[in-house]
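> These protein sequences, in sequence, are chains U and Z. All residue numbers for the first sequence refer to the working numbering, where the first residue is 1 and numbers rise by one. All residue numbers for the second sequence refer to the working numbering, where the first residue is 1 and numbers rise by one.
I should point out that these hints are in silico values taken from the structure, not numbers from a laboratory. From a predicted model like this one, the values you see are computed outputs, not experimental measurements. We put the CB at the ideal spot given by N, CA and C, even for glycine. Treat the hints with care, as some may be off.
[Claimed, not checked] Here are some, though not all, of the chain U residues that point toward chain Z, as calculated from beta-carbon distances under 8 Å:
hint, residue
1, Leu7
2, His89
3, Leu125
4, Ile151
5, Ala155
6, Leu158
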Amino acid sequence: MTSLHELQTRFMDALLGDSPDRAIPLIASPAPVAAARLEVYRNTVRSNVVDALRSTYPVIWRLVGESYFRRVTGEFGSQYPSRSGDLRHRGDRFPAHLAELHHDDEYRYLGDVARLELLIQDAWLAPEHPPLDLARLAAVAPEAYEDLRFIVHPALRLFESPYPVRRIWESNIDPGAEPEPIDLTAGGDLLAVLPHRLQLRFHGLGRGEWVLLDAMSRGERFAASVDAAAARDAEFDAAAALHRFVALEAIVDFM
Amino acid sequence: MQYGANARSPLPAAAGIGLRARHHLQVLEQSSAAAWFEAHSENYFADGGSQVECLSRIRERYPLSLHGVGLSLGSTDPLNRQHLANLRRVVERFAPALVSEHLSWSSVNGAFANDLLPLPYTEEALRHVSERIAQTQDSLGRQILVENVSSYLEYGCSALREWEFVAGVAAESGCGILLDLNNIYVAAQNHGFSCDDYLRGIPTEAVQEFHLAGHTRIDLAGRSLLIDTHGAPVCDAVWDLYRTATQRFGDVPTLIEWDTDIPELEVLQAEARKADALRAAA
Numbered sequence: 001m002t003s004l005h006e007l008q009t010r011f012m013d014a015l016l017g018d019s020p021d022r023a024i025p026l027i028a029s030p031a032p033v034a035a036a037r038l039e040v041y042r043n044t045v046r047s048n049v050v051d052a053l054r055s056t057y058p059v060i061w062r063l064v065g066e067s068y069f070r071r072v073t074g075e076f077g078s079q080y081p082s083r084s085g086d087l088r089h090r091g092d093r094f095p096a097h098l099a100e101l102h103h104d105d106e107y108r109y110l111g112d113v114a115r116l117e118l119l120i121q122d123a124w125l126a127p128e129h130p131p132l133d134l135a136r137l138a139a140v141a142p143e144a145y146e147d148l149r150f151i152v153h154p155a156l157r158l159f160e161s162p163y164p165v166r167r168i169w170e171s172n173i174d175p176g177a178e179p180e181p182i183d184l185t186a187g188g189d190l191l192a193v194l195p196h197r198l199q200l201r202f203h204g205l206g207r208g209e210w211v212l213l214d215a216m217s218r219g220e221r222f223a224a225s226v227d228a229a230a231a232r233d234a235e236f237d238a239a240a241a242l243h244r245f246v247a248l249e250a251i252v253d254f255m
Numbered sequence: 001m002q003y004g005a006n007a008r009s010p011l012p013a014a015a016g017i018g019l020r021a022r023h024h025l026q027v028l029e030q031s032s033a034a035a036w037f038e039a040h041s042e043n044y045f046a047d048g049g050s051q052v053e054c055l056s057r058i059r060e061r062y063p064l065s066l067h068g069v070g071l072s073l074g075s076t077d078p079l080n081r082q083h084l085a086n087l088r089r090v091v092e093r094f095a096p097a098l099v100s101e102h103l104s105w106s107s108v109n110g111a112f113a114n115d116l117l118p119l120p121y122t123e124e125a126l127r128h129v130s131e132r133i134a135q136t137q138d139s140l141g142r143q144i145l146v147e148n149v150s151s152y153l154e155y156g157c158s159a160l161r162e163w164e165f166v167a168g169v170a171a172e173s174g175c176g177i178l179l180d181l182n183n184i185y186v187a188a189q190n191h192g193f194s195c196d197d198y199l200r201g202i203p204t205e206a207v208q209e210f211h212l213a214g215h216t217r218i219d220l221a222g223r224s225l226l227i228d229t230h231g232a233p234v235c236d237a238v239w240d241l242y243r244t245a246t247q248r249f250g251d252v253p254t255l256i257e258w259d260t261d262i263p264e265l266e267v268l269q270a271e272a273r274k275a276d277a278l279r280a281a282a
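My request is simple: use the sequences and hints to build the entire structure.
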């Protein structure tokens with residue numbers, strides 16, 4: 001009699017591998033019926049990968065169409081088998097996979113669109129945080145600012161791409177709306193992504209603002225963050241940027 | 001150890017609805033969206049964020065059940081401690097009336113099918129899965145329910161009928177039973193057994209929840225096979241089975257479950273009203 005572990009091992013090999021034959025004798029049906037029934041499970045496993053990735057990458061689904069999406073996510077599923085019962089991170093490698101597939105063709109922006117979609121999911125899953133205590137900040141002497149380390153909102157995500165990915169996303173996220181034509185050479189994105197009161201928000205950033213937030217999110221001191229921003233952006237205005245980030249609740253604390 | 005049944009369950013007998021993310025905001029806007037909700041535990045494993053925030057607000061206003069799909073209770077791999085810790089955390093956070101998982105396996109040797117695969121109905125599997133359910137209950141400090149799954153094949157080594165296996169697991173582990181009536185109907189049609197035999201084989205005191213869902217029929221190798229899609233209205237035969245089940249098991253909290261091609265919330269609410277009307281007439 002087959003032990004439970006042996007049965008599960010043979011069955012799983014049949015589900016995930018190319019040849020289901022070894023599992024057919026486990027099934028209480030004539031071989032052709034058993035093969036057909038096993039195929040139902042094999043199809044489910046394949047479509048579960050597609051469904052998991054579709055929920056993370058709805059805009060990619062819309063852009064490439066169902067047929068190609070099924071093919072590319074199916075290949076992805078075979079190349080990177082699931083190692084968890086928690087599907088939240090099933091598609092984490094997909095943006096890199098898509099970028100590699102299309103690195104030198106006309107669809108080379110797809111990897112960046114997928115990267116934005118993953119980052120949006122990640123932002124939705126991050127904890128909430130109350131806004132900055134302005135009275136506490138007001139009590140800090142101006143000369144002490146340079147040593148402060150500002151803490152960014154735990155759901156804040158920064159995004160950079162040479163393509164107009166935000167417009168591509170906004171134009172395709174509603175499956176009922178007609179997508180607008182987008183000129184891929186129309187300029188790239190520097191974005192802060194931050195869900196706010198159950199609404200997703202994108203904030204376009206100047207280069208200096210992006211560098212400032214990036215430095216602060218890595219725990220840099222304010223003075224060093226401002227220096228880094230000013231070095232990349234001659235127009236950078238540190239006071240205005242700080243005001244803006246406090247108002248947007250992109251900065252929520254300091255120490 | 002043994003945990004008391006969720007006898008004073010705060011879930012009302014009126015039908016609840018499976019909560020899906022696309023309905024979150026609508027549920028929050030309505031004053032009485034359902035008698036209660038059931039949420040997939042894994043969807044709220046995150047540290048926080050909008051999903052968790054939405055469920056917290058919904059929990060403030062509605063009774064809740066948490067239903068897991070990823071613990072792989074029947075697997076011969078060690079129980080996944082991280083998954084269990086995440087589950088414990090969501091149970092502590094949302095204090096649900098019921099916690100349930102599936103009487104199935106989905107992983108072995110570290111590889112996951114992310115599907116609810118049937119167990120062979122053997123004494124070995126019965127002892128194994130009962131031990132794992134007991135470990136899960138010890139980790140959570142409370143009784144869980146296990147749900148019978150749909151199946152499209154039977155193993156040659158099975159020595160027990162499915163209902164004998166389900167009843168045996170409940171007796172051995174002390175868990176409760178979540179009886180999915182659609183899954184019973186699908187398995188009965190696919191394997192040629194009687195739904196009535198199944199219901200008669202399940203101890204009445206163990207059943208604490210019903211699931212109702214839809215399925216589709218496909219043609220496979222010249223025979224029709226029912227596939228549990230959870231993507232269609234409850235069919236007439238399953239409504240009939242629901243009538244029979246309510247007569248045998250009494251007023252058990254009932255859930256309308258819809259997982260694929262999820263319709264508007266109103267469609268689920270209409271199915272819940274239908275369940276309530278059937279139970280009232282029974």
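> Decide, hint by hint, whether the structure agrees.
Results of checking the hints against the structure:
| no. | hint | verdict |
| --- | --- | --- |
| 1 | Leu7 | holds, 6 Å |
| 2 | His89 | violated, 10 Å |
| 3 | Leu125 | holds, 4 Å |
| 4 | Ile151 | violated, 15 Å |
| 5 | Ala155 | holds, 7 Å |
| 6 | Leu158 | violated, 17 Å |
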